[in-house]
Structure formats: C-alpha cells, structure tokens
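K.L.:
Which chain is which? The protein sequence lines are A and B, in order.
Sequential numbering of the first sequence, starting at 63, is according to our numbering.
Sequential numbering of the second sequence, starting at 44, is according to our numbering.
Be careful, since some hints might not be right.
[Said to hold, decoys possible] Residues from chain B shown here face chain A by an in silico Cβ test under 10 Å; the list is partial:
no., residue
1, 105
2, 168
3, 169
4, 205
5, 211
6, 219
7, 222
8, 223
9, 226
10, 227
11, 239
12, 265
13, 294
[Unchecked claim] Here are some chain A residues the structure puts well away from chain B; computed CB gaps all over 12 Å:
no., residue
14, 125
15, 148
16, 172
17, 279
18, 280
None of these hints come from the bench; they were simulated from the model.
Since this is a predicted model, take the numbers as computed values, not measurements.
Note that the Cβ used here is the ideal one computed from N, Cα and C, for glycine as well.
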Amino acid sequence: MLELRSVCAGYGGFQALFDVSLEVRRGEAVGVIGPNGAGKTTLMRVISGLIRPTTGSIAMEGADLLATPAHRIVGLGIAHVPESRRLFPRMTVEDNLKMGGFLPSARAKYRERLDVVYGLFPRLRERSRQLAGTMSGGEQQMCAIGRALMSDPKLLLLDEPSAGLAPVIVEQLFDLVKRIRAGGLNVLIVEQNVQQVLRVVDRAYLLKAGSIRAAGTAAELLASETIREAYLGV
Amino acid sequence: MGILDIFLLEALINGVLLGGVLALLSLGLNLVFGVIDVVWICYAELIMLGMYGMYFLYSVYHVPIGLAAVVCIVGVGMLGVILHVVVIAPLLGAAPINQLLATGGVLFFLQSAATVLFGIEFRNLGLRLPVLKLSEMFISYSRLLAFGAALIGMVLVYLFLTRTYTGTAIRAIAQDRHIMILMGVDSRRIYVITSALGGGLAGLAACLLVLQYDVHPFVGLSFGPITFLICVLGGLGNFAGGFVAAFVFAELISLGGLYLDLEWGYVFAFVFFIVMMFVRPEGLLARRS
Numbered sequence: 063m064l065e066l067r068s069v070c071a072g073y074g075g076f077q078a079l080f081d082v083s084l085e086v087r088r089g090e091a092v093g094v095i096g097p098n099g100a101g102k103t104t105l106m107r108v109i110s111g112l113i114r115p116t117t118g119s120i121a122m123e124g125a126d127l128l129a130t131p132a133h134r135i136v137g138l139g140i141a142h143v144p145e146s147r148r149l150f151p152r153m154t155v156e157d158n159l160k161m162g163g164f165l166p167s168a169r170a171k172y173r174e175r176l177d178v179v180y181g182l183f184p185r186l187r188e189r190s191r192q193l194a195g196t197m198s199g200g201e202q203q204m205c206a207i208g209r210a211l212m213s214d215p216k217l218l219l220l221d222e223p224s225a226g227l228a229p230v231i232v233e234q235l236f237d238l239v240k241r242i243r244a245g246g247l248n249v250l251i252v253e254q255n256v257q258q259v260l261r262v263v264d265r266a267y268l269l270k271a272g273s274i275r276a277a278g279t280a281a282e283l284l285a286s287e288t289i290r291e292a293y294l295g296v
Numbered sequence: 044m045g046i047l048d049i050f051l052l053e054a055l056i057n058g059v060l061l062g063g064v065l066a067l068l069s070l071g072l073n074l075v076f077g078v079i080d081v082v083w084i085c086y087a088e089l090i091m092l093g094m095y096g097m098y099f100l101y102s103v104y105h106v107p108i109g110l111a112a113v114v115c116i117v118g119v120g121m122l123g124v125i126l127h128v129v130v131i132a133p134l135l136g137a138a139p140i141n142q143l144l145a146t147g148g149v150l151f152f153l154q155s156a157a158t159v160l161f162g163i164e165f166r167n168l169g170l171r172l173p174v175l176k177l178s179e180m181f182i183s184y185s186r187l188l189a190f191g192a193a194l195i196g197m198v199l200v201y202l203f204l205t206r207t208y209t210g211t212a213i214r215a216i217a218q219d220r221h222i223m224i225l226m227g228v229d230s231r232r233i234y235v236i237t238s239a240l241g242g243g244l245a246g247l248a249a250c251l252l253v254l255q256y257d258v259h260p261f262v263g264l265s266f267g268p269i270t271f272l273i274c275v276l277g278g279l280g281n282f283a284g285g286f287v288a289a290f291v292f293a294e295l296i297s298l299g300g301l302y303l304d305l306e307w308g309y310v311f312a313f314v315f316f317i318v319m320m321f322v323r324p325e326g327l328l329a330r331r332s
C-alpha cells in the first residue's frame, strides 16, 4: 500500500533521513521505534508531504507521492496526526473536525464521518462547541485523531500519540488504535513508548540516527536482544 | 434634556456610526494580516482608487449608484488579487521588512499614479443626502447609511468565515499555516481568496467614505494611519479585537471633539493608543498565551 524506497531527507544543510526504505502492506499496522532525534518525525513529514525528500521514491497504492502536490496527498488516503497534535486552538472541536473533512470528497459525507468520529470519541460530541485549545491533553489527542479520520483515510499516520499524556490515557489511546485497526484502517505509528506500541502493531522498524537498523514482526523485536537492552530496560 | 446632554448623546451616536466604518476598514487589513501574515501598507490607497472609481462611474459616466458600488467592490477586490499575485506572492518567503517596503512602494506608486491620472483636485459625488433630525439632534443620513452598510458587510464576512469550508480554512490558516497541507488545503488558493476579500472590503469602505469625504490622490493618508492604529490596538490579526478597538477609537474621537475641537479628539485617541501600547502591548483583547 505504502512504499518508501531509499528516501533521504533533511532540513537545509542538516540531513535527517539516510536511505530509508519501508513498507506498509494492506491490512497492516506498522510501528517505527527509535530514540529522540532518530528522524521519526521527519519520516512522517516526508510521507504526508510537509517536507520533500532529496532523493528516493514514495508510492501510495501505485501513485507517486513526489509527483503529487503536497495538499493532494491527503486525497490519496493518507491522514497525518502530527506531533504535539497541532489542533487549531482557537477554533471549536467541530470546526477542527470540519477542517479534517475539507476535501471535496470528504464534504459529501461530512455527517457520516462525524458520526463515525463521535462514535469512537463520545467525549468529542459533548465538547463539540468548546475551543480545542482549552481541552485536556488526552481530549486534544482524540480531537487530532478524529480530525484525521474525517477525511476517511486508508492509512493513518500517528506521530508520537502518547507524548505528554498520563499513563491511564496512554492505555486508552493504544486500545483505541487497536479498535481503529479492527475497523480496517492501516496505521503507521511512530513512538518512543516501545513496549506499548509493539503490542498493537504487526511489524516494526527500528530507526536510529536517520537509518533503519532493524525490522521484523512485533514478536521478533520484542524478543530481540538489542531492542530489549536499549529500550525496554530488561 | 439639557443642551449639553443632547450634544453628548449626538456625539455618542456619531461615535458609534464612525466606529462601524472604522471597524469595516480594520477588518479588511486584519484579515489579510491574519491569514497571509503581510501588512498591506497600501491598503488605504486601494480605498482611494475605489473612491475614484465611484466618482468616475457615478458623476462622470452616470452609472446608477448601486451598480457603481457593485463594480467598485468587485474591482477593488480584483486589485487585491493583483496586489497579492504580483507583489506579495513572490515575497512570501522574504524577510518581513522587504514585504513592508514592497507594499509601501505600492503606496507611493498608487498615490503618484493617481496624481498623474486624476490630478490633485478634490472631487466628490455631488450627492446631498438629507440630515436626519431626531428631537434636537442632527444625524447625517450618509453616516447612517455608511454604518448600516458597514454592519451588513461585516455580518456577511462573519457568515462566510463561520459557515463555509473556505471561510473555516481562512480562520484555520491564521492559527497554524504549516499544517494546512495535511487538511488538503492549497494555501495559495486561500491567500488569493483572502486578498479578494480584503480588497472587496476596501472597495465597500470606498463606497461608504465617498459619501462623506472628497477624494484626492492623498486621501489615503486620512484613513490609513488610523486603520493601522486600530488594528494594532485590537491586536494585529485579531478580528474581534479590531472590532472593539474601532468603536473605542471612534468614541474617543467623537467625545474628545465634543469637549474641545475636533482635532483634540484625534489627540485624545492617539494618546490613548500610546498609553495602551505600554499597558496592553498585545492589544485590547490579548489572548492569554
């Protein structure tokens, strides 16, 4: 479904990704784990078009993302929940969701998508008139995921969804990722919370200093010595 | 009612009427700044061109005034788009000072072009609108009309911003322009629409101001500085703040002019502005950040 081949990317003179190849197959949830500054967020940005790679190729269901104008990528079915949520803080929850459904194809089924999102997050329905910036961190994360789901995507990119949330909320969040997956959506999730994320994904990649150092099924990575030592502390 | 009370009430009412027009003026500038992050230094010169448009259409070519107003609003809206595409868009990534210098250059260009094309004579529509007499107060009909039309214009903009997808995107882009791609929004298109809207508001303001004031190539100097001050007083880019600031400013001018000379009204208003810049530098309705 999504395929990155030998992608290099960076900011100005600083290169953040070196020759990254990665794949999300139909029906999969895939994790990318790695320490701070490994290039995880850059990887997400390169896929959704926020930054463009210097070399390499990215394809979504055969469509060349690099030949697609950045604002059209979401129309190919890729919705990105950015790092630290990036809601429109002085707009209501419902206006935020409306922006998520800005695409002409999504406008036609606005009510239907709104019901799906409110079904997943009943709290958002209660808060629909509240300004997004005044909600708690967990509620804001719900709103950010809901906003991404409004476009009816095929692939959801989640960038550090658990960052800054209380442990209880993090549990709920990963349960939710499981539920979203069960609904048939593909997920690519970037996390520092390695133990949690390996419970909800099928496969994962280890990204370190901008390149892929290991890849395998969640079970393989959980069993792997390097990962256990480096991230799980056991 | 004592004679002073009547003057006071009349000044208050005139302040409200002036406030409506000033609010309309500041809305266009605020909209462009909030969305595109560029200050149209030449904003008042767009209004000047609109006023000339009204003068030529109505007084010289005898186009019906309603039609002339529509042509004027659409025309200045298109000027806004041209300004954006030709001057602003190539400079979007440039340093703010360069953008200011560029739109400042447009200001002098338009003033000079108007001087060459239209001469320096003061011109007006030659309309004599009646003055409304309410008990013992005199309220100018052209001010009432301007106030009403400004309110209608602002309500229409409000509905557009809150009820449509494009309007919602305009508000969103003012809060976080970097993630608009993720919403599937083509920011360049939103910038063009916003420029058309900002220009259209300048055009509407021109139609209303030409009812009360003569037009000449430097008429922008009478409205430009006060519009900028109101926007800054309300917090640049803050629509609600600009609205409130416009009425505060208008009342200060109107009431100050009642007790002393009209010029003293402006002195009061500007002193108030300077004091407020120390007290609330982020604007009257500053957001808690």
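K.L.:
Each of the hints needs a verdict: does it hold here or not?
P.N.:
Checked hints:
Here the hint on residue 105 of chain B is broken, as its CB sits about 44 Å from the closest CB of chain A, past 10 Å. With its C-beta approaching chain A no nearer than about 41 Å, residue 168 of chain B sits outside the 10 Å limit, and its interface hint is violated. The criterion of a C-beta within 10 Å of any C-beta in chain A is not met by residue 169 of chain B, whose closest approach is roughly 46 Å, and the hint is violated. Because the closest C-beta pair between residue 205 of chain B and chain A is about 8 Å apart, less than 10 Å, the hint holds.
A least Cβ separation of about 5 Å between residue 211 of chain B and chain A falls short of the 10 Å threshold, and the interface hint therefore holds. Interface restraint check: residue 219 of chain B against chain A, minimum CB-CB distance 6 Å, threshold 10 Å, status holds. Below 10 Å, beta-carbon pairs count as interface contacts, and residue 222 of chain B has one with chain A at about 5 Å; its hint therefore holds. At about 7 Å, the closest approach between the beta carbon of residue 223 of chain B and any beta carbon in chain A falls short of 10 Å, and the interface hint on this residue holds.
A cut of 10 Å between beta carbons decides the hint on residue 226 of chain B: the least distance to chain A is about 5 Å, and the hint holds. Proximity of residue 227 of chain B to chain A holds as hinted, the smallest CB-CB distance being about 4 Å (cut-off 10 Å). Checking residue 239 of chain B against chain A: minimum C-beta separation of about 19 Å lies over 10 Å; hint violated. For residue 265 of chain B, the interface hint is violated, since its Cβ never comes within 10 Å of a Cβ in chain A; the closest pair sits about 33 Å apart.
At a threshold of 10 Å, the smallest CB-CB gap from residue 294 of chain B to chain A is about 27 Å, leaving the interface hint violated. Non-interface status of residue 125 of chain A relative to chain B is upheld: no Cβ of that chain comes within 12 Å, the nearest being about 15 Å off. The claim that residue 148 of chain A is not at the interface with chain B is violated, since a C-beta of that chain comes within 12 Å of its own (minimum 5 Å). With a least CB separation of 9 Å from chain B, residue 172 of chain A falls inside the 12 Å interface cut-off, contrary to its annotation.
Separation of residue 279 of chain A from chain B is adequate, the least Cβ-Cβ distance of about 30 Å exceeding the 12 Å criterion. No beta-carbon of chain B is positioned within 12 Å of the beta-carbon of residue 280 of chain A; the least distance is around 27 Å.
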